[in-house]
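Chemist: One-letter residues, chain by chain:
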Amino acid sequence: MNWLLELVAVLLLVTLVLGLIRIWRGPTVADRMLAAQLFGTTGVGLLLVLAELQRMPALRDVALVLALLAVMAVLAFVARVWRQDPNNNHEGPS
Amino acid sequence: MILIDLLQGMLLLAGVGFFLVGTLGILRFPDVYTRVHALTKADNLGLGLIVFGLLLGAESVPVALKLLLIWGLALIASATAGYLVARAARRRGVKPWKARSGGGA
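Quick note, the sequences are listed as chains B and Y, same order. Counting from 0, one number per residue, gives the positions in the first sequence under numbering that gives the first Met the number 0. Counting from 0, one number per residue, gives the positions in the second sequence under numbering that gives the first Met the number 0.
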């Protein structure tokens with residue numbers, strides 16, 4: 000079963016790299032933030048697979064913390080960064 | 000045992016498939032709202048399928064419970080984040096995307 004877990008891990012990494020394209024091209028900051036949230040979810044899946052593959056149970060704790068921190072990043076972004084006057088928008092129309 | 004291995008492999012591959020579809024959605028969809036839609040549903044379903052695939056190979060009950068806890072936290076967190084981003088986009092006046100005549104995505 001190890002080759003299958005390795006295949007799953009590699010495919011999840013490919014998904015992460017594809018998500019980088021959205022961060023590069025994203026027209027608004029919200030699109031970039033959503034791609035960052037994608038990194039959170041995919042990273043959690045990747046860490047769970049690696050915890051099983053490498054017999055490192057500590058990686059499950061890392062996954063738990065990453066799931067929490069990813070949503071905290073989006074929360075801070077919505078509450079602090081993106082709450083500005085729409086009239087003087089800094090990033091232009093979407 | 001071979002049946003459990005087969006089921007685990009199918010669940011894991013289906014989970015990766017949902018992750019790929021979600022990333023394709025976030026690359027191809029035209030605006031923030033549709034990207035929230037692609038992200039918060041497809042990815043969490045993929046994560047759930049991967050968690051269920053790993054549950055079949057979990058060595059003990061606490062490990063299985065921790066996997067389920069991680070999935071539950073990811074579900075709640077992602078639903079909240081998607082709602083907040085969509086609400087902030089609406090308050091900032093981001094117009095939802097409409098299909099123009101003859102225009103592709």
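Among these hints, one or two may not hold up.
For the chain Y half of the interface with chain B, some residues (derived, Cβ under 8 Å), not all of them [said to hold, decoys possible]:
| id | residue |
| --- | --- |
| 1 | Ile25 |
| 2 | Leu53 |
| 3 | Lys65 |
| 4 | Ala76 |
| 5 | Thr79 |
Chain B stretches covered by chain Y per the calculated footprint, using a threshold of three residues with CB under 8 Å from any CB of chain Y [said to hold, decoys possible]:
| id | stretch |
| --- | --- |
| 6 | 14-26 |
| 7 | 29-38 |
| 8 | 52-63 |
These aren't lab readings, by the way, just hints derived from the structure by calculation. Every residue, glycine too, gets a C-beta built ideally from N, C-alpha and C.
Chemist: Are the hints correct? Go through all of them and say.
Modeler: How the hints compare with the structure:
{"no.": "1", "hint": "Ile25", "result": "5 Å, holds"}
{"no.": "2", "hint": "Leu53", "result": "5 Å, holds"}
{"no.": "3", "hint": "Lys65", "result": "6 Å, holds"}
{"no.": "4", "hint": "Ala76", "result": "3 Å, holds"}
{"no.": "5", "hint": "Thr79", "result": "6 Å, holds"}
{"no.": "6", "hint": "14-26", "result": "holds (count 5)"}
{"no.": "7", "hint": "29-38", "result": "holds (count 7)"}
{"no.": "8", "hint": "52-63", "result": "holds (count 4)"}
In summary, this structure violates none of the numbered hints.
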